[in-house]
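Go ahead and model the full structure; you've got the sequences and the hints to work with.
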Amino acid sequence: MRWMWIDRVVELVPRERLVAIKGVSLAEEHLHDHFRATADRPATPIMPMSLIVEGMAQSAGVLVGHAEAFREKVVLAKVSRAELSEDAIPGDQLRYTATIESMTDMGASTKGVVELIRPDADGSGTPREIGRVDLIFSHLDNNMGGVEFPERNFVFGESFRTLLRSSGVEIPE
Amino acid sequence: MTRDEIFDNIREVLVDALALDDDEVTHDAKLIADLGAESIDILDISFKLEQAFGFKIAQGELFPEGVTQDPDFVEDGKVTDKGLGELKERLPHFDFTSLEADRSVGNVANIFTVDALVDFCERKLQAA
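Residue numbers (the working numbering), protein chains in the order written: chain A, 1 to 173; chain B, 174 to 301.
Possibly wrong hints are sitting among the right ones.
Said to hold, decoys possible - Incomplete in silico selection of chain B near chain A, CB under 7 Å: (1) L216; (2) D217; (3) V287.
What the hints assert, rightly or not - Heads up, simulated EDC-like pairs for lysine to aspartate or glutamate below, C-alpha to C-alpha not over 20 Å straight-line: (4) A/K111 to A/E101; (5) A/K111 to B/E223; (6) A/K78 to B/E211; (7) B/K203 to B/D292; (8) A/K111 to B/E185; (9) A/K111 to B/D189; (10) A/K78 to B/D292; (11) B/K229 to A/E101; (12) A/K111 to A/E86; (13) B/K203 to B/E295; (14) B/K261 to B/D288; (15) A/K73 to A/E115; (16) B/K297 to B/D181; (17) A/K78 to B/E185; (18) A/K78 to B/E223; (19) B/K261 to B/D243; (20) B/K229 to B/D245; (21) B/K261 to B/E234; (22) B/K229 to A/D105; (23) B/K251 to B/E273; (24) B/K203 to B/D243; (25) A/K73 to A/E29; (26) B/K229 to A/E16; (27) A/K73 to A/E54.
Read the hints as simulated data drawn from the structure, not as lab findings. Just so it is clear, CB atoms sit at the ideal spot from N, CA and C, and this is done for glycine as well.
As structure tokens, this is what we get:
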């Protein structure tokens, strides 16, 4: 399994805002464990909220990484706030809107809105907000501890490049 | 803005950044030892102070970087005279009395109190 929790970037305003979507599918293995049937409850496939936080982290992380042409190793350092009020189930689409609140050489803080789209019979659906996820990212090479990391950018690997390419986002050289 | 108003704003920032109760944020509370701040929280606090007060904070301006890793500034686990001078120059908003009494490198973080933040913000606002 690839650790990719967004399917496509649908909007990118550099250094400002990124919108990404993720389709929740019953083909995802983890949905069969989350939650399995028990003696008193049938199987209940719902997208783990921790992975919704990860989806926002990837959306916001790409936005922050893009700002410096993916030269910085952008890592999630702190979940400042995560509130989700509704479960996402197979067939739903999650829509992550991440905006940069502050950014310096050391890192960035982002605000995020999570929306859920549950398609009607004709395939359409209206996004409704189901939560907020605010994050802090650190630029790993500018950490306060002065620890050195390998030169190769292991954060934005091939999977991310494929995602950006298939979303039509130009990858700065 | 009065010192009390600055303190109230800072308390709000710290309550939010460190998930504290209002009454935990006292003037002499140490951010790291008493309030549980970690290094990434310092970045978070610095972002939130910028938003609360409308000024910019440069890297290393709020809290020292690299000083305690520099062999010129630390010897045998103690901050040297040169190190102390460097810290005082870089961080005029801190009270160094406790560090002067105990030069242990682990004691450096203890000068980072809520009142030091109030001084820092007061200076920044005056300079603006």
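**Earlier hints that do not hold, by number** = Result: hints 3, 10, 15, 20, 24 and 25 break, sorted rising.
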